[in-house]
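Chains G and R, in that order, are what the protein sequence lines are.
First residue of the first sequence: 1, per my numbering; consecutive thereafter.
First residue of the second sequence: 1, per my numbering; consecutive thereafter.
The set of hints was computed from the structure by calculation and includes no laboratory data.
Note that this is a predicted model, so its numbers are computed, not measured.
Incorrect hints may have been included.
[Unchecked claim] Pairwise CB distance ranges, derived in the manner of DEER restraints:
#1 R/Arg68 - G/Leu177: 41 to 51 Å
#2 R/Lys112 - G/Leu177: 46 to 56 Å
#3 R/Arg68 - G/Leu172: 40 to 50 Å
Even glycine gets a Cβ: it sits at the ideal position worked out from N, Cα and C.
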Amino acid sequence: MALNSLWYCTRQACISLTRNFWLGVASAAMIAVSLIILGAFLLVAVNANQFMRIVESTVEINVFLEDDADVRDLQHRLAGLRGVEEIRFVPKQQGLQELKKAFGERHDLLSGFEGENNPLPDSFRVRAERAELVPTLAQQISFFPGVYKVRYGQEYVEALVKVTRWVNVVALGAVVLLGAGAVFLIVTTIRLSMVARQDEIGIMKYLGASNWYIRGPFVLEGMVVGLAGACAAVATLGAGYYYLVVVLERLPLLFFIQPVTDPNMLLSIFGGLLGLGLLMGGVGSLISVRKFLQV
Amino acid sequence: MIQLYNVSKVYDNGVPAVSDISLRIAKGEFVFLIGPSGAGKSTLTKLIFREQLPSSGQIFFRGRNILRFGPREVLQLRRQIGVVFQDFRLLPRKTVYENVAFALEVIGRSRKEIRERVPAVLARVGLSGKEDAFPDQLSGGEQQRVGVARAIVKRPLVILADEPTGNLDPDTSREIMDLFEVINRDGTTVVIATHAWDIVNRMRKRVVALENGRLVRDEERGSYSYGA
Ligand SMILES: Nc1ncnc2c1ncn2[C@@H]1O[C@H](COP(=O)(O)OP(=O)(O)O)[C@@H](O)[C@H]1O
Ligand SMILES: [Mg+2]
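Excised from the complex, chain G in its bound form (with noise of 0.2 Å):
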């Protein structure tokens, strides 16, 4: 019985998928492009997160310095601070060939910076001996006399969260809508399915066949519209961010940002945005087929 009932709900389902074909692009489509948000929003959020964790747990602190700067007394005092575990002159020579380091194959753009051109002062790179030691140090040092400028990452990851702070509610307020779009135009489609059946969905009641049975194809149907999106949008996600990933290889402008790579991590981004969309289409059907089965 159950294998009768099976085939009978994927029959029906077809055919009615095949009725109101273009109505299921279009709700596909929908889904594809909420789930596709959602899943860039949540690539971004993961990147950020490590991106965030490697610079936090950097215990480095740039201190440039003023081009008058006392350097020896300069080292004396940074070397009498509490929880500072190393101290290193970096001269502006040694600074710009370590940013033409950086550069890679494109250090040739640096090229007219040398000697007298050189813009970048001295500098010193303190270590810290803990992370969380870092913003009082710098502040620390920020004071002493021929100091120009402190730079640590922390002070970029607290601007990063202010921006991604609100990237999360536009984007979250974005997939939401477009969700809650998306649904109803399952619910639409699942509905003109059922209309199309009315007569027969009216003989069935009265062969005595249960509800479930009856609600089976359009469950199915918008389960298999939910995850036509699901897979549109990771295809989509996917094809992206492995081009994304590729370009920032080749591009050493950006060696600071190390994509999430973690196939554990992406996968389960890519299995829950399948599994959302399976659970859209459901959800939607069920919403149809609820209203119109009460007998």
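For chain G, the structure is supplied; the task is to place chain R with the ligands on it using the hints.
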């Protein structure tokens, strides 16, 4: 088989369709529910099928109160009752065979059972050879035979027919009624709501007469006539 105790039905719009009806229908009986249009015949059949719930009173099917049934038991009830409609209600895009097979399919019967039963039932209602015809290729009488076949193919205990001959000419009506009689002879309880008095009179079956929702007469071997 079916018992009604002081059953009343007032529709939401305030129309009292059935008023204080008590009725027993025994296993294997053949019962006509008669009365003019609007008397409450359809409502009564809907109450027995639990398509409608009564406003008051109790209804028993095989000794069990159907008003207390949960969804599963309602399904079981409906699987034990075959319904036949005035307008046949066949699925136009299915063949005769498929229409009858559908009744077994939707209650999850096996293909083997369907392959055995459907041709036998079609033979029984006199439709052998019409298996592959579509409903619109059949006469009204033939369509109703399909309707009857669909109702009996699951071997229900009761056949419930609401104006089964309402859309048919007198000769065809008679043939359909004869078909019900044959089915009844095999032990199936048959309840037919109709206002076709000529047929009722001819068949000399039990007649339950309704008027304005009230039971006005209940006679074995009755006939259809008004008045006390
Ligand atoms: N679904 C309904 N809602 C409101 N009133 C109804 C409904 N069905 C029937 N009625 C009313 O109930 C009364 C009995 O109708 P019905 O049972 O169909 O009688 P019959 O089948 O004998 O013609 C009629 O007055 C009819 O208008
Ligand atoms: Mg009626």
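Evaluation of the provided hints:
no.: 1; hint: R/Arg68 - G/Leu177: 41 to 51 Å; result: holds, 46 Å
no.: 2; hint: R/Lys112 - G/Leu177: 46 to 56 Å; result: holds, 52 Å
no.: 3; hint: R/Arg68 - G/Leu172: 40 to 50 Å; result: holds, 48 Å
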